[in-house]
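Asker: Keeping their order, the protein sequence lines are chains W and P.
Note that the first sequence covers residues 28 to 357 in my numbering.
Note that the second sequence covers residues 3 to 222 in my numbering.
To be clear, the hints were calculated from the coordinates, so they are not data collected in a lab.
Keep in mind the model is a prediction, meaning the values are calculated, not measured.
This list has only true hints and no planted wrong ones.
Derived DEER-like restraints, expressed as beta-carbon distance ranges:
| # | chain 1 | residue 1 | chain 2 | residue 2 | range |
| --- | --- | --- | --- | --- | --- |
| 1 | W | Gly71 | P | Ser217 | 52 to 60 Å |
| 2 | W | Ser58 | P | Ile216 | 39 to 47 Å |
| 3 | P | Arg172 | W | Ser58 | 41 to 49 Å |
| 4 | W | Asp348 | P | Ser121 | 40 to 48 Å |
| 5 | W | Gln29 | P | Arg55 | 31 to 39 Å |
| 6 | P | Glu98 | W | Gly72 | 38 to 46 Å |
| 7 | W | Asp170 | P | Ser121 | 26 to 34 Å |
| 8 | W | Asp170 | P | Lys126 | 17 to 25 Å |
Yeah, the Cβ is synthetic: ideal placement off N, Cα and C, and Gly gets one too.
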Amino acid sequence: MQRFINNPDEVVEDTVRGFVKAHADIVRLASNPRVIAARHAPVGGKVGVITGGGSGHEPAFIGYTGRNMLDAVAVGELFSSPTAKSFLDAAREANGGRGVVCLYGNYAGDNMNVKMAIKLAAKEGIEIATVVANDDVCSAGPDEREKRRGVAGEIFMWKCAGALAGEGAGLEAVQAVAQRAIDNCRSIGVGLGPCTLPAVGHPNFLIEPGTMEVGIGHHGEPGVRVEPLKPAAEIARDMVKIVLDDHDLAAGTEVAVLVSGLGATPVNELYILNDTFEQEIAGRGLTIHKTYIGNYFTSLEMVGATLTVMALDAELKRLLDVAVDCPARL
Amino acid sequence: MQQFENASAGDIVLSIADRIIENRAYLSEIDGKIGDGDHGVNMAKGFGMAADRIRGNDMSLAEAFDTLGTVLMTEIGGSMGPLYGVMFTQFAETIEKSSAIDARTFSAMLSNGLDGIQSIGSAKVGDKTLLDTLVPAIEAFDAANTDGKPFPEALDALVVAAEKGRDSTRDLVARIGRASRLGERSVGVLDAGATSCALILKALALGAKQKLLISATAGR
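Starting from the given sequences, assemble the full structure and let the hints guide the process.
Answerer: Structure representation (structure tokens):
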């Protein structure tokens, strides 16, 4: 394993320090060193928008801190939920007196730590509403959507909620729009190669050379099938089919598309995939309003890509187009 | 009346931490088979940090549990931070007002710890989690008490049931947490949380037995 690392046990500390130095015009480190806050936060009278999650997904989660996006982010160990204390401190940093909405992914650790943070925050008069992202289609069947994991669709959820909060909407409205945004998202990942936690030193899981894992999760959670690696166009067709078969969108629906690398896939290959993605999506009678493509939500050095499709209505489309100022490119 | 002093019994928690730290690599290895392989690393980090704060401070068992629970909840995160954090915090709250700990207090402590875990998690027995160790262990301890067994024998029963429960996870399909996505592929491997829970309960039971022996000798 050849990596740019100092001490494997201090990867998160080192990442956060470098991140804050690079983006000091937009973000700051909170008094809790496991919380990143926007420079402008908290804004009095604005609903605070926060998230949190394990590290190793950069630019998620910290890179989405900024104006019209997230006010604060709780930072966990690599692939491990932040503490309840960090979620609480993120809420404190974001609290402008009208409550805080915590928009995070459906993982056991995050669910527990957020639940505890809500109790702790209530004791000091901060109301935290939540929306739990569950856009990963292959992580559970359509009848068990509440069990699905949250993946790159979270970015659309943050963007819509961040924009509405920026317009001065109340807690319930911001929570509702975040819920609608994530309900309108479906995602799928395909893995071609595994990733390694530096402190562990060997890959968490294996993907045999010449094979791929369809439906893989953001931490290497197993997908629905392992099969021989195919040409990009065939993989892309399969990904669109899985996502849209689950989505059931009427012809003519406008959608936003997000294509993200998982860390070690060259960006040009994302464009190769996208060539077919757009063709297949259009072939279903859908109109693509906007495509985001790049490394938006990674998994250390996993080789692979994810596709997220969000169905738009007039409000979501408007909110998605609101300009933001955060370290990640949006 | 078989009981031991709460005061100065904080060293039991140090021996729990020692067992976890000794098993850092093993716990990560079994976690790596169906999870992401960081269980041992995170557990050793949390228990080690707590041990550093407890050592040399002559803490009661309640104070040491509170220290451990607080460190796990505020510094560790993941799933194990809150789950074990709430368990040890509940242990501490149950016994903080008792100067001596008898089997009845010990039983109440265990069940309050379990209640704490169940208040934040949604797992049930059979889901291949630490509950598969903890629940039968508490049941065995309580059953031994009901049968009128002496406190040390009830602690032995607790350890036997905990280890049996841990071993039962080998044949279970994970239904919660990261391993649950493996479905049938999670069978054949011990659950890391159930394994660390068995280590914790055994160290706790052995520590308590030792204290009982000392107080019996002192009382003679």
